[in-house]
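Visitor: Could you put the whole structure together from the sequences, leaning on the hints where they help?
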Amino acid sequence: MAAPPKPEEISHPPMDQLQGLEYCIDSNPAWGEAIALGFQHYILALGTAVMIPSFLVPLMGGDDGDKVRVVQTLLFVEGINTLLQTLFGTRLPTVIGGSWAFAVPIISIIHDSSLTRITDPHERFLGTMRAIQGALIVASSVQIILGYSQLWAICSRFFSPVGMVPVIALAGFGLFDRGFPQAGQCVEIGVPMFILFVIFSQYLKNFQFRQWPVMERFALIITITVIWAYAHLLTASGAYRHRPDATQRHCRTDKANLISTAPWIKIPYPLQWGAPTFDAGHAFGMMAAVLVSLIESTGAYKAASRLASATPPPAHVLSRGIGWQGIGILFSGLFGTATGCTVSIENVGLLGSTRVGSRRVIQISAGFMIFFSILGKFGALFASIPFPIFAAVYCVLFGLVASVGLSFLQFTNMNSMRNLFIAGVSLFLGLSIPEYFREYTTAAFHGPSHTKAGWFNDFLNTIFLSSPTVAMMVAVFLDNTLDYKDSAKDRGMPWWVKFRTFKGDSRNEEFYTLPFNLNRFFPPS
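Sequential numbering of the sequence shown, starting at 1, is according to the working numbering.
Hints were generated in silico from the structure; no laboratory data involved.
A portion of the hints provided could be inaccurate.
[What the hints assert, rightly or not] Only pairs whose alpha carbons sit at most 30 angstroms apart, straight line, appear in this in silico DSSO-like list of lysine-lysine:
#, residue 1, residue 2
1, Lys-498, Lys-485
2, Lys-266, Lys-255
3, Lys-377, Lys-266
4, Lys-6, Lys-489
5, Lys-377, Lys-255
6, Lys-503, Lys-485
7, Lys-503, Lys-489
Guide: Shown next as structure tokens:
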């Protein structure tokens, strides 16, 4: 009769840092490899950077030329914000990209009666852009104040592993409508892209060229090149000639009208659209999006720390990062990017897919963003990649970030009914409530909150359309009110508490100390 298995053969001990990464936050690949990986992160960031202006600019009254300028400006500001965040913010390898969380208040501004009565489309575009800029500039103060005053660090004392699991998991799962629903807009491109990316990044990851795991490192760039060429072949051969306009827009490689309208060289600059206009109602609605961006980024920073093989960021480091992100939203308002900023979830997922969590790689990708946003034609060439190609990759990368969130359950007692209740209810409501708001908005052309106070409607509809935000409200409330005094060990607090302060763990200094000896002037708490 076989001996019963030992406990260590059944369970896996919890681990502070994720194992199996080739490069952690402060270890760097060779320069050639780092530059290629940085370019790969730049290409991935293009998906959202092109999609948001492509959706918003036509609604604002802008033409293809305006769309290209907004895409260039958004990429330029993304590059600056990413550099600032990796140097002086959390110092985690995170790309700071455009955010969909700002869509509700921005669409509300677009439909403002004072702007819709402007008959000239270009004048309406400029007027709308200035109104969005003014709202972003005012709303950015929320993150700047919460971050630099360390108020967000104080709030984070109410977080625990069991409360953070739904937030981080839904930072990935909550974006399910950006995955296959978008890839399915052009199945003949989206499905092959998904299959090839999984095969190259997972099944062929051990394939080496001169002792270099080329498939694992560069699966994204290789598969995008192959499927982009295939999509171009379909376009050139006339496969979409008699197809509906929607199909042509999603599948063809020549429908974006970016290359023909992009200038050769154009440097974005502050107030390039004119002086911003300020309206209290617009600003208040935008503040909800800034709060959503703050909560989504908090989850993304926790995920990025794990995929960079770092310890969870201490409270003051997290707060410092939120402060710099507020500066990023201020820059978005000054330059006129037509949206605010948040951590790019797809780029966090790519850290895990490539097993490279190096900070330098992300800083190089920021350099590419700035460089190609100035050289318009070259940037527009890469930006003309059909969106279903990106959406297919999102199916993998968003799922990867979500599973990192679930991995925090290892520090909690999942045999506790209390923890099962909190995790289950907050995950379910985090998906269910935003889905209700989405379906209601699609059917009624306005959100469930539809009072005469537009700012109030924008505030509520924005908050409850965000899965991580709903999950955080539910999970943190339940976790801090339900038997919390007797359940510290079940919640994972003995493990979590040492990462609350900078000096709580000796590794924090290695990962989060500011460069240029700046910690002398800003001593960690």
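Visitor: Against each hint, give a clear statement of whether it holds in the structure.
Guide: Against the structure, the hints come out as follows:
1. Lys-498 x Lys-485: 18 angstroms, holds
2. Lys-266 x Lys-255: 22 angstroms, holds
3. Lys-377 x Lys-266: 10 angstroms, holds
4. Lys-6 x Lys-489: Holds, at about 24 angstroms.
5. Lys-377 x Lys-255: 15 angstroms, holds
6. Lys-503 x Lys-485: 25 angstroms, holds
7. Lys-503 x Lys-489: Given pair Lys-503, Lys-489 holds - Cα atoms ~22 angstroms apart, limit 30 angstroms.
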